[in-house]
Amino acid sequence: DAMVIQNPRYQVTQFGKPVTLSCSQTLNHNVMYWYQQKSSQAPKLLFHYYDKDFNNEADTPDNFQSRRPNTSFCFLDIRSPGLGDAAMYLCATSGGLARHTDTQYFGPGTRLTVL
Amino acid sequence: SQKIEQNSEALNIQEGKTATLTCNYTNYSPAYLQWYRQDPGRGPVFLLLIRENEKEKRKERLKVTFDTTLKQSLFHITASQPADSATYLCALDLGSSNTGKLIFGQGTTLQVKP
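In the order they appear, the protein sequences are chains A and B. Each residue of the first sequence is one higher than the last, beginning at 1 in our numbering. Each residue of the second sequence is one higher than the last, beginning at 1001 in our numbering.
For reference, chain B alone in the conformation it holds in the complex:
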């Protein structure tokens, strides 16, 4: 069956450390993979997109890797801050149509302690 898995347990780290979140998928062949941030009671906000032929993408303190052989994406936040505390969702774009339909993981909650 098709699955997207993110760590359901919250990730607790100390301010200044690097947070690493994992997204694994099975029986999908995504053309793109996206990461979103969601704060409690709010809609997700887009962070980064990575294509299947890209290994790594960076934006400020954020870095995403995409390994289509392992069927895994890693999302890193360097020099983490308490303001980074949120739930982070990965989403697969199968690229099968122009409508950009996404399939979301359930998200991992990150808590950064001062």
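One chain only, chain A, in its complex shape:
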């Protein structure tokens, strides 16, 4: 089945220790998104790629970086995680080709704990 896969599902890191979360997709979608979601809050868009074009949200901290080496994979790097970065990180994709079909397909998320 075509899908969005996130690894790992649970990640524990130490304060200040860099961490990388990964996302892969078999949908061959042009657009990939990274969201941060804290408990009982809305998913907050951090950035997205349209093909290789990177689009950063204005309020995304510099501590968060992303890479998309090819269509299938996208990575979220947190350079120096703080306690406030503990959250669920969601990866999503969309076709980006036709407006009326631009719904988003989400992965299961990575739960990040910062000690």
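Quick caveat, the hints were computed from the structure, so don't treat them as lab data. Misleading hints may appear alongside valid ones.
Below 20 Å or equal to it, Euclidean Cα-Cα: the simulated EDC-like pairs (lysine to aspartate or glutamate) are [as the list claims (entries may be wrong)]:
#, chain 1, residue 1, chain 2, residue 2
1, B, K1003, A, D59
2, A, K38, A, D53
3, A, K38, B, E1005
4, A, K17, A, D62
5, B, K1003, A, E57
6, A, K38, B, D1039
7, A, K17, A, D77
8, A, K44, B, E1005
9, A, K44, B, D1039
10, A, K38, B, E1009
Predicted model, so just to flag it, every value in this text is computed and none were measured.
Use these hints to put chain B onto chain A, whose structure you have.
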């Protein structure tokens, strides 16, 4: 300021009843509005999309309305079942680009009791 508001209090209803969830927004002009379901510890799953020129959309037991004058969408689940228990998120698509960027509400948790 721009806001999307969904009831933060959980909605508890009896099995078989109709659940109605509300999404209100201010200072946005969305081209589309989408509804997603999110189960605990999982990513959201798309349910329905409605365009700004559509008043109502249906899919099986689900119905969505979109009133651009009131700046409100209502999401209905008829003949609700315990399996419908989840958090439901509304999301605005401003339609300003091809990248389909969405702005999500915080969601309303629905609990359907047998």
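Here is what the structure says about each hint:
no.	hint	result
1	B/K1003 - A/D59	holds (16 Å)
2	A/K38 - A/D53	violated (27 Å)
3	A/K38 - B/E1005	holds (16 Å)
4	A/K17 - A/D62	holds (15 Å)
5	B/K1003 - A/E57	holds (17 Å)
6	A/K38 - B/D1039	holds (14 Å)
7	A/K17 - A/D77	holds (11 Å)
8	A/K44 - B/E1005	holds (14 Å)
9	A/K44 - B/D1039	holds (17 Å)
10	A/K38 - B/E1009	holds (17 Å)
Violated hint for the displayed structure: number 2, the only one.
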